Amino acid sequence: MRSLHPLTRTVAALSAIALLILAAGCSQSTDTGTAGSASVATSQATSAPMAKAASKLGDLSAFQTIAADVATLVDKGDLAAAKTRVKDLEVSWDSAEAGLKPRAASDWHMLDKSIDHALSALRADTPSQADCKSAMVELMTTFDSLQAKP
Amino acid sequence: MNTLAPPLVPNRLNKVPEAVLTFWIIKIMCTTVGETGADYLAVNAGFGQGVTRAVMGALLAVALFVQLRKHRYTPWIYWLTVVLISVVGTQITDLLTDGLGVSLYVSTSAFAVALAGIFAVWYWVERSLSIHEIFTRRRELFYWSTILCTFALGTAAGDLATEALGLGFAWGTVAFSTLIAMTYAAWRLGGNAVLTFWIAYILTRPLGASLGDMLTQSKTYGGLGMGAMWTSALFLTVIVMLVADEHVNFGTGRRNT
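These protein sequences, in sequence, are chains R and F. So this note's numbering is basically just the index in the first sequence, starting at one, shifted up by 52. So this note's numbering is basically just the index in the second sequence, starting at one, shifted up by 1092.
Just so you know, the hints here were simulated from the structure itself, not pulled from any lab data. From a predicted model like this one, the values you see are computed outputs, not experimental measurements. Any given hint could be a false lead.
List of simulated lysine to aspartate or glutamate pairs, EDC-like, C-alpha gap at most 16 Å [stated by the list, open to error]:
(1) K1311(F) with E149(R)
(2) K108(R) with D177(R)
(3) K165(R) with E190(R)
(4) K185(R) with D130(R)
(5) K165(R) with E149(R)
(6) K135(R) with D177(R)
(7) K185(R) with D127(R)
(8) K153(R) with E1255(F)
(9) K153(R) with D1190(F)
(10) K108(R) with E1255(F)
(11) K153(R) with E1218(F)
(12) K1311(F) with D111(R)
Could you build the full structure based on these sequences and the hints that come with them?
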């Protein structure tokens, strides 16, 4: 019985690897179905023409578009809708961390901190219009400053 | 102390598995699932970091309690404990870095010193660091503290490589695989088995993270674009298959003669 173990183990290991490769191949089709990261990728591609000089982090327009939506909602005074929309920013930003951060870690942290401020302003127990507005202004400024950089 | 080659007859008293190929495959996958799973709960499911930390900490306490009560190696609870330690170890490092603003240079060195400290006390008390003879409560506690520390250290060191060297997941996978291959070669050439085992244990943490990122990240960033949910589901399935296989081989205790 003991002699079977190495074989079972090898078969298990090989099947694990085969599954991974299979999954990687299938991801071509499932890619469009996975909402979070994939929708960021496509909307980045479509909104690219209006992008200014790309930052060191690459094309940030997808995140900037969501942030602009949030800022508009805050200006209108609809903080509840802004809170809902900012989650899209949180999720897409968070899921792109491993792709973006290595490109320019300090720029990434700068933007990450601004996004954190916006999140905590909008998620305060009693969110204040003024706090949310200033957090969003700060965030939009950060986006602009990163893209202005050569 | 210097023998990591699996003994012909597995030690029935040992409460932890031998370091064979399956062991490393499950370990690496646990790392990925631990990280993407915790992230999913905190961000996508919207529980926030605080609640996720508390829940994972509590789950780990329960799993560890059950694991300590078992009298021999029981694959499902052993690996459940490893997944939860992987999550909590990562959370400790993230809390220090993001929450308390501790520099990664400081946390990496602090965890390295802590790990050396655990080894020193372990050796001083037990006169052995062998992972083949984990059959007392005290030795098992040393074992699990070491594992928690290696996950925290592996996270900090891996993040440091990203921050300081700009090491993305593609090069990260290559770099950490190379380091693991070198560790393996060192062991084959007669290097200290206990030392090389724990070095590999630390290195598989950032390797697991890089591999996970490669699968989850969108194609825009050079990943395969599978997304966190599908990657976690896939890895979890493979882990369950391999652990079930461990149960068939070890679990009954009757088939290992």
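Next on the checklist: Run through the hints listed earlier and report the numbers of any the structure violates, in increasing order.
Outcome noted: Numbers 2 and 11 - these are the hints that the structure violates, sorted from lowest upward.
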